[in-house]
Amino acid sequence: GGQYNVAIGNYAADALTSGDNNTAVGYEALSANTTAISNTAFGHTALASTLVGGYNTAVGYEALNQNLAANNTAVGVYALKANTTGTRNIAIGHAAYTASDTEVDNLAIGFQAMTVNTAGGTGNIGIGNYALDELTSGDFNTSVGLLSGNSMTEAVSSVLLGAGCGANITTGDENILIGRNVGSNNVNLITGKRNVIIGAYADVSASNSDNQIVLGYDVSSNGNNSFVFGNGGTDSAIAFGATSISAPSDI
341 GGQYNVAIGN YAADALTSGD NNTAVGYEAL SANTTAISNT AFGHTALAST LVGGYNTAVG
401 YEALNQNLAA NNTAVGVYAL KANTTGTRNI AIGHAAYTAS DTEVDNLAIG FQAMTVNTAG
461 GTGNIGIGNY ALDELTSGDF NTSVGLLSGN SMTEAVSSVL LGAGCGANIT TGDENILIGR
521 NVGSNNVNLI TGKRNVIIGA YADVSASNSD NQIVLGYDVS SNGNNSFVFG NGGTDSAIAF
581 GATSISAPSD I
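Residue 530 in our numbering is what sits at position 190 of the sequence shown, and the numbering runs on without skipping anything.
Hint data in this document are derived by calculation from the structure and do not stem from the laboratory. Backbone N, C-alpha and C define an ideal beta-carbon position, used for all residues, glycine too. Warning: the hint list may mix true and false statements.
Said to hold, decoys possible - Pair by pair, the computed Cβ-Cβ distance ranges are:
#1 Thr-531 x Gly-573: 23 to 31 Å
#2 Tyr-367 x Ser-497: 41 to 49 Å
#3 Thr-583 x Thr-425: 50 to 58 Å
#4 Ser-497 x Thr-425: 53 to 61 Å
#5 Ile-585 x Tyr-557: 57 to 65 Å
#6 Leu-391 x Asn-565: 50 to 58 Å
#7 Ser-584 x Ser-497: 15 to 23 Å
What the hints assert, rightly or not - List time: in silico DMTMM-like cross-link candidates among lysine to aspartate or glutamate, alpha-carbon distance up to 20 Å:
#8 Lys-533 x Asp-550
#9 Lys-533 x Asp-513
#10 Lys-533 x Asp-445
#11 Lys-533 x Asp-479
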């Protein structure tokens, strides 16, 4: 039989046969576990479906409720609730990463962070309430800040740092945005790619802008393949490959 197990609550760990080092606290916590080892479940039906997957930690009502895999951590009500075979995921916050089922290597921290990653998205980091909230299949994105990247669905390899940063991007890839409401101030970046925008309230020139570099507070780009820098309306620009800097209107 199993050794070094703790079960507190109605039906907690009640199917255990040979699994060791498990802790189950709460109604039906770890209730399906038979041979899995080193799981920790605190909360009503936390880790309730796990049969053989080990090294999981679930804290909160229905956290990791449908989990069948190993090496996941969920803290918060409904956190990682739908996960089945996904592994090496971390979800912290109410309903964080709640709908994902088979995805791997993702980190979601915040209220409803990365809630609908259901089509294979991997290697993503969403930190902040609603960060990467709509992401489905995008990979290797990092989004930090309240509502940052919260419309992103299939974009890949983007870095968004700041509250509201890149909030309207859906499929635009390989963007780097740093600052509050960057790319979502006067012009909403949606499908544009390979832009670097740094400075609070800075914007690209259009929703599908590509290859734009913008630097400075509330500075807006004026076109693709250019670098615009300054402070608000006091700015300068140079087209890629050009040899002189001028006012943006001259490009």
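- Enumerated hints in conflict with the structure, sorted upward: 4, 5, 7 and 10
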